[in-house]
Amino acid sequence: MSKKNQYIFIYATFPSKKTVLSVTEKLIEKKLVVCANIREHDAIYSWNKRVYEEKEYGVFFKTREDKWKKTKALILKKHPYETPVILKLRIRDYNPGFKKWMDDSLDDKQLKFKK
Amino acid sequence: MSKKNQYIFIYATFPSKKTVLSVTEKLIEKKLVVCANIREHDAIYSWNKRVYEEKEYGVFFKTREDKWKKTKALILKKHPYETPVILKLRIRDYNPGFKKWMDDSLDDKQLKFKK
Amino acid sequence: MSKKNQYIFIYATFPSKKTVLSVTEKLIEKKLVVCANIREHDAIYSWNKRVYEEKEYGVFFKTREDKWKKTKALILKKHPYETPVILKLRIRDYNPGFKKWMDDSLDDKQLKFKK
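Chains as they are written, first to last, in the numbering used here: chain A, 7 to 121; chain B, 7 to 121; chain C, 7 to 121.
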């Protein structure tokens, strides 16, 4: 299957709602992702030999495989963490309407967002 | 691996808790899925050249690969959105009790739900 | 790809925040996982011919493929449910910092957690 027929989740975590919104809007404007599902969670993690617990935001971005590299690069550039978490999961199948929505949104060369 | 030994998440989004409950109960009654994990999230998405933000519900259904097509069809039929999102993710491994729970629930021909 | 270069999500559900915290701390101390993202959800499921709905906690643990078996075994041992749900999802790609964080945390033989 070519990259044009593969769709992915990109899972990333952020320290605040403000950062999530700013990164997500940039990604949608640049037609790198089509949709983000965002929810708060508790993160418990090991870092420099200590265990931390804090609130953060986990986001599932939906996009197509050929947008992975540029999406990862833009999140890395905008992200306030020293070590962000940007992970790709493969979507194995989907309804036809989902594919059309992704392709229409990602490939429209005339697309200019109205504010 | 045959479809009978593969288990999947089906991820779908819904506009209200009421819709989630009604679709989930139907899917469980028809032995198409065994379990649903449901939480509210914020969705930001591109649609017809505008960016929208709204509350919705994201659901991870757990089932077996051979139930994918019928589950997708039933969600599509019951779903209020013009373009629903119904995505399949493959579960790569699991504990033995999970497999037994899935198979017992999906294959029991005598199963009649008590109200 | 060897198991040393594959990273995974382990998704598991728990009845209470207390159980999640106790299991997660044990897994991090034993260097079986590096991070857990935890949120409450509603679970609807079929069990012994009845449909149940209850609050529970869903956790995405992040770790490396070679830690899967021991992590699964430890969760099974500590888990209060008769049939826990412990599922492996494959992470298909990631940012380089994520890999370094995982490997540094999982492989440090001198690691002793400060309380």
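Errors might be hidden in some of the hints.
Here are some chain A residues the structure puts well away from chain C; computed CB gaps all over 10 Å [as the list claims (entries may be wrong)]:
1. 19
2. 27
3. 36
4. 37
5. 48
6. 52
7. 55
8. 64
9. 88
10. 90
11. 96
12. 104
13. 109
Listed next, the in silico EDC-like pairs over lysine to aspartate or glutamate satisfying Cα-Cα at most 16 Å (straight line) [said to hold, decoys possible]:
14. B:55 x A:72
15. A:55 x C:72
16. C:55 x B:59
17. A:36 x A:114
18. C:23 x A:60
19. A:55 x C:113
20. B:83 x B:46
21. B:61 x A:114
22. A:9 x A:88
23. C:83 x C:48
24. B:9 x A:99
Simulated from the structure, these hints should not be mistaken for laboratory data. In this text, a Cβ means the ideal position worked out from N, Cα and C, and glycines have one as well.
A quick look at each hint next to the structure:
1. 19: 7 Å, violated
2. 27: Holds: least Cβ distance 19 Å, greater than 10 Å.
3. 36: 18 Å, holds
4. 37: Answer for residue 37 (chain A): holds, closest chain C Cβ roughly 20 Å.
5. 48: 5 Å, violated
6. 52: Not fine: 5 Å to the nearest Cβ puts residue 52 (chain A) too close to chain C.
7. 55: For residue 55 (chain A), whose nearest Cβ neighbour in chain C is about 6 Å away, the distance does not exceed 10 Å, so it is violated.
8. 64: 5 Å, violated
9. 88: Check fails; 8 Å does not lie beyond 10 Å.
10. 90: Not fine: 6 Å to the nearest Cβ puts residue 90 (chain A) too close to chain C.
11. 96: For residue 96 (chain A), whose nearest Cβ neighbour in chain C is about 5 Å away, the distance does not exceed 10 Å, so it is violated.
12. 104: Residue 104 (chain A) is indeed farther than 10 Å from all Cβ atoms of chain C, at 19 Å.
13. 109: The claim holds: residue 109 (chain A) sits with its nearest Cβ about 21 Å from chain C, beyond 10 Å.
14. B:55 x A:72: With a Cα-Cα distance of about 21 Å, the restraint between residue 55 (chain B) and residue 72 (chain A) is violated, given a limit of 16 Å.
15. A:55 x C:72: 21 Å, violated
16. C:55 x B:59: Roughly 39 Å separates the two Cα atoms, so the pair is violated.
17. A:36 x A:114: Holds: residue 36 (chain A) and residue 114 (chain A) sit about 11 Å apart, inside 16 Å.
18. C:23 x A:60: 14 Å, holds
19. A:55 x C:113: Within the cut-off at roughly 12 Å; holds.
20. B:83 x B:46: Distance ~22 Å between residue 83 (chain B) and residue 46 (chain B) Cα, so the pair is violated.
21. B:61 x A:114: 26 Å, violated
22. A:9 x A:88: 30 Å, violated
23. C:83 x C:48: 24 Å, violated
24. B:9 x A:99: 14 Å, holds
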